[in-house]
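Engineer: Whole structure, please, built from the sequences with the hints as guidance.
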Amino acid sequence: MKWSAWLVAVAAFAQVPYDRIVNAQNEPGNWITYSGNYSGHRFSPLTQITPANVAGMHVKWAHQFESGRTETSPIVVDGVMYITAPNSASALDARTGRELWKWTRPIPKDYQSIGFGRVNRGPAILDNQLFVATLDCYLVALDLKSGAERWSTKVEDYKPGYSMTLAPLAIKGKVLIGVSGGEAGIRGFVDAYNAASGKRSWRFWTVPAPGEPGYQTWPQDSKFKDAWKTGGGSTWVTGSYDPELNLVYWGIGNPGPDWNADSRPGDNLYTCSLVALDGDTGALKWHFQFTPHDTHDWDSTHVPVLFEGEVRGVKRKLVAVANRNAFFYVLDRSSGEFIAGRAYAKQTWAKGLDDRGRPMVLPGTEPSADGTIAWPNLNGATVWFSPSYSPKTGLFYVSVREIGSIYYKREADYKPGTFFAGGGEAGIPNSEKSGAIRALEVSTGKLRWEFPLHSASWSGVLSTGGGLVFSGSDEGNFFALDAMTGKPLWDFQTGGAIASNPISFTVDGKQCVAIAADRVLYVFSL
Amino acid sequence: MVAGKGAGYGPELTDIGTRRNGAHLRQAILKPATLLPEGFLYVTAVTQAGATVRGIRVNEDSFNIQIKDSGGQFHSFAKSELKEVRRLRSETPMPAYEGSLSAAELDDLVAYLASLKGKL
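Taken in sequence, the protein lines are chains S and P. First residue of the first sequence? That's 1 in our numbering, and the numbers climb one at a time after it. First residue of the second sequence? That's 1001 in our numbering, and the numbers climb one at a time after it.
Each hint can be trusted.
With a straight-line cut-off of 20 Å between C-alpha atoms, the simulated PhoX-like cross-links for lysine-lysine are:
| no. | chain 1 | residue 1 | chain 2 | residue 2 |
| --- | --- | --- | --- | --- |
| 1 | S | LYS487 | P | LYS1079 |
| 2 | S | LYS109 | S | LYS154 |
| 3 | S | LYS109 | S | LYS159 |
| 4 | S | LYS487 | P | LYS1083 |
| 5 | P | LYS1005 | P | LYS1117 |
| 6 | S | LYS317 | S | LYS285 |
Treat the hints as calculated values from the structure; they're not laboratory data.
Structural biologist: Okay, here's the thing in structure tokens:
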């Protein structure tokens, strides 16, 4: 073969084509997209590590990051692990943890994170490129083999408060991202970019402009007519995708200003909602709003969990969400129809959900000048870290935070690039705070078991085909529970608070489990 | 402990005079259970075999607990090995000196503690 023909052949060969991601369940030794599959399951079909042998799990290798509170969820493909940190990405040898390449992008000196930490939750992979979202709001494509920058596209200007901390979602020919900045008076969106060129394919604004559907849920009078421009609706957690329906499911953040809603009467669509978007065009197929007119900063930015279930004897495509507002929801993912819902954690703000899933809000639960006590606190009953769904057990596993708060309402004056929240919260003196891993029946949200935690955790959950549930704690424990009963089977003290999502993959045929704890990424195996 | 001398498992006293006023110190001596210091939870751990260890909780997570007893000895337990962990939220290992110190003795002790401002 001539050199030129060989080069063409190499260029035409895509290491991770879209079909590999669609069929991720066929290669359980890899972890090929943020949640392990497009359905948001964070479930590994691997079966080597079981309740019977997990006690023998030990550290295989560790990798140290330059800074702490690492929230990355690695991608593992063909023996290489790809990880991120703020404005950086690395490829590691999955067998030893040794670095193969590293890419960094300087963080501008005038960059500021308004209302969140300087973190990054992971990369996405498609064809021969790795995609990284940066704090200063660039989407960057890197060569898988070398880390060389193939393109970078400015998503938005970071100076008014836009930023990106999430792992992108790569679908057919496109890379999707969302933005942080809900406490800075941004107007949120979900974007899709051409994976080959970096050119923007579509944008879905999460707060409609005048004349667009949904705008009627924002104030129309002259005094507050511009509220939509600073209406929030950030999109900072990676969505899920149904290739058959070609629908992207993305959670939308809180309205702004957070705790003072005087300037935004109405439901404030599409904040605190789940939206289903056409993968090709970004057109809105349906929406479901969990918390209309939110006043507690309860973003609905969660990984939506797609599953198939029977409703009144008919098999349907469903989506489950354990929401920050303390309610668990099941929706039809073709239409957005509300199927079931119930509280899965302590909440004091709603009497319950009506037959369409809308919360029946109790009076006197909004923030006030003197402070209003409510559960959950602003971080919610759960937040960005991932839940897990095991098709083997039919259970939805979620790390739950049981903390109440005193919510305060303050003045809110919008100035670009500053905190625009209209209040805040304070802890309730002498109030119990706790956490738990809860296993819920996915079709109903009914509690099957719980494992109490010493404190509320910031760790996501992984379930496995071997019958285990892995998660972490704020005190640094990485642990395994029996997926059927919640019985603790193994734990390891990592030495740092865990605020990340676990994954599982294989190296040389052996199952491994990885978790980041503060500034160290650990890989375990038997 | 004051400047590295003494024993026990209560708060460090070397600079207590910079952190607590005389009224607080007086009440802590007379009625210590009314002013439990944060981070010094008194606990009792009961092992499966029935042995009891009582002391200050030094650290705890979802799986393990570390306790320091009155002799300064550390004990580390996996919670799965324990029958029970009792959290004695309204108790303190420090005795109440109400009625056992004269007024002059109490004044002297408070004055001494209030004078502790750091390294001696």
